[in-house]
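Undergrad: Numbering (my numbering), first residue to last: 1 to 133.
Just to be clear, a hint being listed does not mean it is correct.
[What the hints assert, rightly or not] What follows is a list of derived Cβ distance ranges for each label pair: (1) M86 <-> K51: 23 to 29 Å; (2) A39 <-> P17: 24 to 30 Å; (3) V34 <-> L75: 22 to 28 Å; (4) F58 <-> G117: 26 to 32 Å; (5) R93 <-> A133: 16 to 22 Å; (6) N87 <-> V60: 36 to 42 Å; (7) M86 <-> T27: 26 to 32 Å; (8) G125 <-> K51: 16 to 22 Å; (9) P17 <-> L75: 20 to 26 Å; (10) D61 <-> G125: 31 to 37 Å; (11) L23 <-> M79: 30 to 36 Å.
Since the hints were made in silico from the structure, they are not lab data. Every residue gets a Cβ at the ideal spot worked out from N, C-alpha and C, and that includes glycine.
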Amino acid sequence: MSAIDSSVLFDIIKGTPEAEPSLQALTAAAQRGVTCVSAPVVAELGRYFGKTGQLQEFFVDAGIVYSEISFDSALTASMLMHEYAMNRGSKSRMAADFLIGAHAMLQADCLITRDNGFFRDYFKGLKIINPVA
Numbered sequence: 001m002s003a004i005d006s007s008v009l010f011d012i013i014k015g016t017p018e019a020e021p022s023l024q025a026l027t028a029a030a031q032r033g034v035t036c037v038s039a040p041v042v043a044e045l046g047r048y049f050g051k052t053g054q055l056q057e058f059f060v061d062a063g064i065v066y067s068e069i070s071f072d073s074a075l076t077a078s079m080l081m082h083e084y085a086m087n088r089g090s091k092s093r094m095a096a097d098f099l100i101g102a103h104a105m106l107q108a109d110c111l112i113t114r115d116n117g118f119f120r121d122y123f124k125g126l127k128i129i130n131p132v133a
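Could you put together the complete structure from these sequences and hints?
TA: Next up, the structure:
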């Protein structure tokens, strides 16, 4: 299962210059198996859709399923947030980033994201797929 970060979906929704490679990465991941998003990604994307049904329709059309964040993933996220704070990490990092990373690390095979530096630094062993790298 391939987890998808909101950065990649933002590209597609907003039609950024990175939209084409992001779409290609999602297509390749779907050919390998299931693609999924977790709650923080749904929350981050929701503002771009007028109604809840439109976001769900987008996921269905894209072949993306919703995957619950397990208790173990949430605990891992909290431990990594603590480590990040102890290293005086930027205050711009939100709990959502840690939840997305922990979910991908423990419940998926990889994370498709354009934010590979942060995820590589804090989620050791997580396979990162960067569509624009």
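Undergrad: Quick check on a hinted range of 24 to 30 Å for A39 and P17, using CB atoms only.
TA: holds (28 Å)
Undergrad: Evaluate the given range 22 to 28 Å for the C-beta pair formed by V34 and L75.
TA: holds (24 Å)
Undergrad: Please test the hint of 16 to 22 Å on the beta carbon pair from G125 and K51.
TA: Hint violated: Cβ distance 38 Å, outside 16 to 22 Å.
Undergrad: Within 20 to 26 Å or not, the Cβ separation of P17 and L75?
TA: Violated: the Cβ-Cβ distance is about 38 Å, outside 20 to 26 Å.
Undergrad: Using the C-beta atoms of N87 and V60, is the stated range 36 to 42 Å upheld?
TA: holds (40 Å)
Undergrad: So does D61 sit 31 to 37 Å from G125, Cβ to Cβ?
TA: Roughly 32 Å apart at Cβ, these two residues keep to the hinted range, so it holds.
Undergrad: In this structure, is the beta-carbon distance linking R93 and A133 contained in 16 to 22 Å?
TA: holds (21 Å)
Undergrad: Quick one: are L23 and M79 within 30 to 36 Å, going by C-beta?
TA: The hinted range 30 to 36 Å holds for L23 and M79, with Cβ atoms some 34 Å apart.
Undergrad: Using the beta carbons of M86 and T27, state whether their distance is inside 26 to 32 Å or not.
TA: For T27 against M86, whose Cβ atoms are near 39 Å apart, the range 26 to 32 Å is violated.
Undergrad: Note whether the CB distance of F58 and G117 lies within 26 to 32 Å or breaks it.
TA: Between F58 and G117, where Cβ atoms are some 27 Å apart, the hint holds.
Undergrad: Between M86 and K51, is the Cβ distance one that fits in 23 to 29 Å?
TA: violated (41 Å)
Checked against the numbered hints given earlier, the structure breaks hints 1, 7, 8 and 9 and satisfies all the rest.
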